[in-house]
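Keeping their order, the protein sequence lines are chains A and B. Per my numbering, the first sequence runs over residues 1 to 310. Per my numbering, the second sequence runs over residues 1 to 247.
Bear in mind the hints are in silico, worked out from the structure with no lab data behind them. Don't take every hint at face value.
Said to hold, decoys possible - A few chain A residues facing chain B, derived, Cβ under 8 Å:
(1) GLN286
(2) LEU290
(3) LEU295
(4) ILE304
Here the structure is a predicted model, which means the values were calculated and not measured. From the three backbone atoms N, C-alpha and C, an ideal C-beta is built for every residue, glycine too.
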Amino acid sequence: MDKTKLTKELSRITETDDIFKQSDIAHIFIHHHKVVQSHLLPGLKVDVKEFDDHIEVNTVVEKDTRIEKPVHMCFGMIPENGIQKMVINIDIRENASVSFLAHCAFPNAVDIQHIMDGTIKVGKNASYRYLEKHVHGSYGGVKVYPHATIHLLEKAHFYSEFELIKGRAGLIDINYEATCDKESVLEMVARISGKGDDLINIKEIAHLVGEKARGFLSSRVAATGNTKAEVYSKLTASAAYARGHVDCTEIIKDNGVVSAIPVVEVNHPKAHITHEAALGSVDSKQLQTLMARGLSEEKSTDLIIQGLLS
Amino acid sequence: MKNLLEVKNLSLSLNGKPILKNINMEIWEGYVHAIVGPNGAGKSTLASTIMGLEGYRNFKGSIHFKGENISKLSIDERARMGITFGWQEPARYEGLLIKDFLKAAAKDKNDDFIFEQLDRVGLDPDDYANRAVDKTLSGGERKKVELASILAMDPDLVLLDEPDSGIDVETLDKMFEVIKEQKSKRRTILLITHSLAVLKQADHAFMFCNGEILRKAETKKVIPYFKNNCIPCKHKNIPDEEGVKLG
Chain A
1 MDKTKLTKEL
11 SRITETDDIF
21 KQSDIAHIFI
31 HHHKVVQSHL
41 LPGLKVDVKE
51 FDDHIEVNTV
61 VEKDTRIEKP
71 VHMCFGMIPE
81 NGIQKMVINI
91 DIRENASVSF
101 LAHCAFPNAV
111 DIQHIMDGTI
121 KVGKNASYRY
131 LEKHVHGSYG
141 GVKVYPHATI
151 HLLEKAHFYS
161 EFELIKGRAG
171 LIDINYEATC
181 DKESVLEMVA
191 RISGKGDDLI
201 NIKEIAHLVG
211 EKARGFLSSR
221 VAATGNTKAE
231 VYSKLTASAA
241 YARGHVDCTE
251 IIKDNGVVSA
261 IPVVEVNHPK
271 AHITHEAALG
281 SVDSKQLQTL
291 MARGLSEEKS
301 TDLIIQGLLS
Chain B
1 MKNLLEVKNL
11 SLSLNGKPIL
21 KNINMEIWEG
31 YVHAIVGPNG
41 AGKSTLASTI
51 MGLEGYRNFK
61 GSIHFKGENI
71 SKLSIDERAR
81 MGITFGWQEP
91 ARYEGLLIKD
101 FLKAAAKDKN
111 DDFIFEQLDR
121 VGLDPDDYAN
131 RAVDKTLSGG
141 ERKKVELASI
151 LAMDPDLVLL
161 DEPDSGIDVE
171 TLDKMFEVIK
181 EQKSKRRTIL
191 LITHSLAVLK
201 QADHAFMFCN
211 GEILRKAETK
221 KVIPYFKNNC
231 IPCKHKNIPD
241 EEGVKLG
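Construct all of the structure, not just a fragment, from the sequences and the given hints.
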């Protein structure tokens, strides 16, 4: 398939056809280890190195650049088999602001690995948002390994959200570790629905090392069928007035198994971290309320899970 | 009078303790009824048993709706026949939008119809349709959403458990308005209450005490006894046979 056809196919699957008509929306489409389509804006620099076994993407948002509309990134593979390995370096410089919407599409996957090793630096007083949406097929043959090391400088804002609701998760292995300097704010959210014999591992760690740094780690996992999920969320605080919260809510259905391990560690007397975790089957009162409106138990459960993951 | 619901010789024990004792009652179609009595009398247990809620299914006797024995039916089967239940403290749902919560119940899934139901309970659809049914709603707002969901379902029989619990005066007035409107449409409502204000909305009342129905009568005849003897309950739900002369 040539680049035009691949772009069309990826945009169709990710429902992003309309972005090409808008010159104020930056985008970059990567199929396997090749860039098939891109459009950049002033202040947004993307340097790509294509190799046979991986692709390296170095992104810089220059100082004081504020990109108003989300930058669309599409990573995908149309074939049934293969490995997509990406090395991604993102540097958001002082006072810059950007939001990325990353679409990851593996619609025909039978045996595909999507490996991402990322390094993200968010500069002083800069803002970075990253929403990663996965579209997988119904077979479950995708193994996804998003790993990233993150550093927030003073007063930086970081928000990331990993969403996989459509199709089978396959194997998800998230591993993020962040260091947060003075007065920076970090928020990491994962919403994943597991079906069949999916395996979900989420490991999110954040260290609040600067005064008044704030961090929030949130996970929402629905494990249905024979899905097994493990969520490890660790938040440490070692500076005065650092504040953080870990929130894990995971639902099981059928033979699903979930374990959540929230770890909070404070080693400064003026720091404060809290956590809450709720694991189990669907709440009985929620379920019975919907059933009392005429929905079957199955439909009621699906609606509750859909809400939780939305 | 046509019976919409009949409860026959119903007894239920929970943890070995008898809670409902040989209950017999008929709910007439097109009327507002109330089960009234002090806290702990077994009113909510009876409503939960009628709806078939979890933990209230192992009873003796039978429940008939529209002439059919529904004792073995599940909650959703009873609901699809036309019964629903409004909880004293309704459940909250993370992420589930109010409009989707209403649509789940509604026969008509059209947005305009859904928004109309929100409007009927005094919630502006522009402000509420896309909010979640979660903990950010106040108790009163959540009760109104519950009521809107029931209106969207348009059932034949509504069981409302302590409808005035935890709500402000304005919400209570709105709830009474809706009850009156339903009554004018000849819908059947069963109010579970220990409140005089709620009791006054009913045409007929069942005086409930210590797991038993002491008497059924027109509401105006129940009120004086209830006012004098049940607020507060003077005998901890043990009825004084002499004191219960209604009719």
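Hint check results:
For the restraint placing A/GLN286 at the interface with chain B, the shortest Cβ-Cβ distance is roughly 4 Å, inside the 8 Å limit, so the hint holds. Against a cut-off of 8 Å between C-beta atoms, the interface hint on A/LEU290 holds, since the closest Cβ of chain B lies about 6 Å away. Annotation: interface hint on A/LEU295 holds; nearest CB of chain B at approximately 6 Å, less than 8 Å. Annotation: interface hint on A/ILE304 holds; nearest CB of chain B at approximately 6 Å, less than 8 Å.
The structure shown violates none of the earlier numbered hints.
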